[in-house]
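Going down the list, the protein sequences come from chains D and L.
Just so it is clear: in the first sequence, position 25 is 25 by the working numbering, and no numbers are missing.
Heads up, the working numbering is the position in the second sequence plus 509, with the first residue counted as 1.
Hints are computed from structural coordinates only; laboratory data are not their basis.
Some clues are possibly wrong.
Straight line, CA to CA, 20 Å or less: simulated EDC-like cross-link-like pairs of lysine to aspartate or glutamate [claimed, not checked]:
1) D:K470 to L:D638
2) L:K671 to D:D353
3) L:K639 to L:D616
4) L:K746 to L:E646
5) L:K671 to L:E814
6) L:K717 to D:D353
7) L:K717 to L:E687
8) L:K671 to D:D182
It should be emphasised that the depicted structure is a prediction, and the values quoted were computed from it without experimental measurement.
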Amino acid sequence: MADITHALTLVFTFENLIAVVLGVTLGIVLGSVPGITADMVIALLVPFTFFFNPLTGIVALMAIAKGGTFGGSIPAILFNMPGTPQATATSLDGYPMTRKGQAHKALEMAHYASTTGDLLSDTILLMVAAPLASIALRIGPVEYAMVVLFSLVIIATATGKYPIRGLLAIGIGLLLGTVGRDDFFATERFTFGLLSLEDGINLVPLLLGLLVLSEAFVQLRQREEAIVPRPGSKASLESDHSHVTLKEYIQNLPTILRSGLIGTGIGALPGIGATVGAFLSYEVARRTSKRGKEFGTGVIEGVAAPEAGNSAVQGANLIPLVTLGIPGNLVAALLLGAFMIHGMTPGPFLMRDQAHLLYALFITLILANFVMLFIGHYYIKLAARIQQLPRRMLFPLIMMFCTIGAFATSHSTFDVVLMFGFGLFGYLLRLARISVIPVVIAFFLGPLLEGAVRRSLLMSGGDLAIFTQKPIALAFLLLTVATVLVMVLQAVRRQVRSVRIRNDAARRS
Amino acid sequence: MRLKSFAAFLFIAFAAVAFAQPAGYPSQPLTFIVPYGAGGMTDVSSRILASAFEARLGQRVDVVNRPGAGGYLGLSEGLREDADGHTLIAVTTDIFANTVLLERDFDLASVGFLGSFMPQERVLFSPVDKPWTTFEEFVEYAKSNRVTFADGGALWSGNVVKAMALEGGLDIAHIPFESGAAGSAALLGGHVDIGETGVGTAAWQAAKEGDLNILTILTDGTLEPFGYPEVENLEQKGYSNVVRMYYGIAVSGDVPEEIRSYLESVLQEILADSEFVASLEALDLTPQFVPADDYAAIVTTVLVEAAGLRDFLAE
Numbered sequence: 001m002a003d004i005t006h007a008l009t010l011v012f013t014f015e016n017l018i019a020v021v022l023g024v025t026l027g028i029v030l031g032s033v034p035g036i037t038a039d040m041v042i043a044l045l046v047p048f049t050f051f052f053n054p055l056t057g058i059v060a061l062m063a064i065a066k067g068g069t070f071g072g073s074i075p076a077i078l079f080n081m082p083g084t085p086q087a088t089a090t091s092l093d094g095y096p097m098t099r100k101g102q103a104h105k106a107l108e109m110a111h112y113a114s115t116t117g118d119l120l121s122d123t124i125l126l127m128v129a130a131p132l133a134s135i136a137l138r139i140g141p142v143e144y145a146m147v148v149l150f151s152l153v154i155i156a157t158a159t160g161k162y163p164i165r166g167l168l169a170i171g172i173g174l175l176l177g178t179v180g181r182d183d184f185f186a187t188e189r190f191t192f193g194l195l196s197l198e199d200g201i202n203l204v205p206l207l208l209g210l211l212v213l214s215e216a217f218v219q220l221r222q223r224e225e226a227i228v229p230r231p232g233s234k235a236s237l238e239s240d241h242s243h244v245t246l247k248e249y250i251q252n253l254p255t256i257l258r259s260g261l262i263g264t265g266i267g268a269l270p271g272i273g274a275t276v277g278a279f280l281s282y283e284v285a286r287r288t289s290k291r292g293k294e295f296g297t298g299v300i301e302g303v304a305a306p307e308a309g310n311s312a313v314q315g316a317n318l319i320p321l322v323t324l325g326i327p328g329n330l331v332a333a334l335l336l337g338a339f340m341i342h343g344m345t346p347g348p349f350l351m352r353d354q355a356h357l358l359y360a361l362f363i364t365l366i367l368a369n370f371v372m373l374f375i376g377h378y379y380i381k382l383a384a385r386i387q388q389l390p391r392r393m394l395f396p397l398i399m400m401f402c403t404i405g406a407f408a409t410s411h412s413t414f415d416v417v418l419m420f421g422f423g424l425f426g427y428l429l430r431l432a433r434i435s436v437i438p439v440v441i442a443f444f445l446g447p448l449l450e451g452a453v454r455r456s457l458l459m460s461g462g463d464l465a466i467f468t469q470k471p472i473a474l475a476f477l478l479l480t481v482a483t484v485l486v487m488v489l490q491a492v493r494r495q496v497r498s499v500r501i502r503n504d505a506a507r508r509s
Numbered sequence: 510m511r512l513k514s515f516a517a518f519l520f521i522a523f524a525a526v527a528f529a530q531p532a533g534y535p536s537q538p539l540t541f542i543v544p545y546g547a548g549g550m551t552d553v554s555s556r557i558l559a560s561a562f563e564a565r566l567g568q569r570v571d572v573v574n575r576p577g578a579g580g581y582l583g584l585s586e587g588l589r590e591d592a593d594g595h596t597l598i599a600v601t602t603d604i605f606a607n608t609v610l611l612e613r614d615f616d617l618a619s620v621g622f623l624g625s626f627m628p629q630e631r632v633l634f635s636p637v638d639k640p641w642t643t644f645e646e647f648v649e650y651a652k653s654n655r656v657t658f659a660d661g662g663a664l665w666s667g668n669v670v671k672a673m674a675l676e677g678g679l680d681i682a683h684i685p686f687e688s689g690a691a692g693s694a695a696l697l698g699g700h701v702d703i704g705e706t707g708v709g710t711a712a713w714q715a716a717k718e719g720d721l722n723i724l725t726i727l728t729d730g731t732l733e734p735f736g737y738p739e740v741e742n743l744e745q746k747g748y749s750n751v752v753r754m755y756y757g758i759a760v761s762g763d764v765p766e767e768i769r770s771y772l773e774s775v776l777q778e779i780l781a782d783s784e785f786v787a788s789l790e791a792l793d794l795t796p797q798f799v800p801a802d803d804y805a806a807i808v809t810t811v812l813v814e815a816a817g818l819r820d821f822l823a824e
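Full structure from sequences and hints, please.
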């Protein structure tokens, strides 16, 4: 208890509060620019945090991460261009809502869902970090493989009306994911002798190219009058007074909380990430909602679920870091560095020796959510102005930021070239009506799955049965099988129905 | 008497030369390339070092992460930069060993060293609930039972363990993990039988708490400074391949000697600074200055040993 009161004194310092406000603002603003991801900003700002005391420095970085996760949903909703990878799922229903003239509502729901999901995982972090971490430790390569398989299948089976094209997209994604030296024998795969490809294709150029640039190309090809909402027209934010009512928020709360829990679970496992958290939440919401069939046409639940899911992952990613010293994603890794530079090694000791500091961190994170509520509210209004810029001015700006972003992550001009290449490739895929989103998902789940499966088989000496021998793994394996069965049954039923309709029509004629 | 003052004069003159800052250097901010990802041991220690350099050089030192290819990506990029002394490269003996183990195009003459700032012990850990507590017991068990080994991404250490298995007739299944952190997680979760990471990592912390057993160290050093004088290293156990882990700084071999030796003297100065040393010791790291020539000799030995290891494993 004394720890908590001590923590509170650390939290409410001038320095700290400024750091939170600035961090959240920076995160939201920069996250809302496609091309600049929150990870980039954090990586660039880590050295600056050395001037602050450890708590403030770390808080600033976390605030940016939070802001960025919400900020990325803004262009996802307005332009179908996610500003950060984890906002990709938000565009699935967010952009259709914009086209229906409900952009403001979508932004608000994204905002509220983000904040709620974040709050949920931060609270869980505060209360049960240590026990949750030891549960997470039980997830070894075998269990991890089944969790990833399940995620892949769930997201893969959501390919909509053209399953073959969806599978094609996944195949492409998996193939792209194999590029690089393999983890186990350092064999070069598809590297063409290029040093820059030895560690695989970087996520950022691929993402920016496939999702943002290709979208820009698609939209630029359309006639401008059809895209820029005329002031006063239905789709213009100026006339868009759609709001999220309290009743609507409460109606969607079960979805938000469930997505928040999914996100927290995913976040406690290193490596999987907020993007998958968002998609999983979206998919689960789609399958369990009464309006499931309408997802993709602009259903508000379809915005609430992924936003709650991705934000919850952020808070939970701290769990393995703080309790075991194991970073689960890039932000956590940077935080690990920041902790150590201030002389603290995250791990079992930190919880014991510096409990007050950790409590202060968690409380500040919760506080940051309320700050985000406040700042986001006004930023959304600002975002309206941006939407009014004609595309021919906006898109070159976006492309410029993408170029900067692609270069900045690893100081590599190769990545910039790669990004434009993927932009073109993504555009071609879309012309062929192949969705690029499964490509991206499969791209980063594939290597995770491969690594985990290979490790599992190495552990078992090549025996596949190991996946049925560990309880948690078995559980996810069964879930996967069930999902596939359901999908097959649905497809069969659809086929039978369409055959019956054709027969009826033939009989009548 | 006169000999002494002459000697003193020579010493001062020599020292003055060694510490003299070359005219006009540094003329712009420096780049410090870290060939590993952010948050890792090399990254963290390099960042601490970078701020120490900044203070003494009067110019900003920007740390840039260029991970990839076992450190080769960052190293080769740093060597390709202009040899004007404004690009520093964080190196480890591991990177050099990797050039041999992965059979890359590499010429030691292309590298100019500033020196080493930190040796590190690589520790072989084991979860506590296993049918062994000491290294000898483990060896006995592994002779007739299959055991799994978590390799925390350090290629050289992993290969040394493979060689150990070959030499000792042990049945060790080698399971590569992407990082020391992932390997630590596997160890702590009890998913593997043994694992290797360095001092100062999460696994190390757990071992201090008693949640992991320390079996041996893979270097030819000792854990005495950390309170484990009884832990024998691999050489003492009778194995012929060990790891030598030294973190250091390098520049392109074409950098003028004047600048290189100046930087070396700055590094030495930094490592004599008690505050700096304390900040690393707080993380259970052991900063220690090794002059450039000695470090170069260590690296040469490393290259030879790695070649021997590679050939041994190839048979």
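Here is how each hint holds up against the structure:
1. At roughly 18 Å between alpha-carbon atoms, K470 (chain D) and D638 (chain L) fall within 20 Å of each other, so this suggested pair holds.
2. Restraint check for K671 (chain L) and D353 (chain D): not satisfied, since their Cα atoms lie roughly 38 Å apart, outside the 20 Å limit.
3. With a C-alpha separation of about 45 Å, the suggested pair K639 (chain L) and D616 (chain L) falls outside the 20 Å cut-off, and the hint is violated.
4. About 13 Å separates the Cα atoms of K746 (chain L) and E646 (chain L), which keeps this hinted pair within 20 Å; it holds.
5. In summary, the hint linking K671 (chain L) to E814 (chain L) is supported, as the alpha carbons are separated by about 14 Å, within the 20 Å threshold.
6. In summary, the hint linking K717 (chain L) to D353 (chain D) is supported, as the alpha carbons are separated by about 14 Å, within the 20 Å threshold.
7. For the given pair, K717 (chain L) sits about 24 Å from E687 (chain L) by alpha-carbon distance, which is inconsistent with the 20 Å threshold.
8. Taking the CA atoms of K671 (chain L) and D182 (chain D), the gap is near 19 Å; set against the 20 Å cutoff, the hint holds.
Consistency with the previously given hints fails for numbers 2, 3, 7, ordered from lowest to highest.
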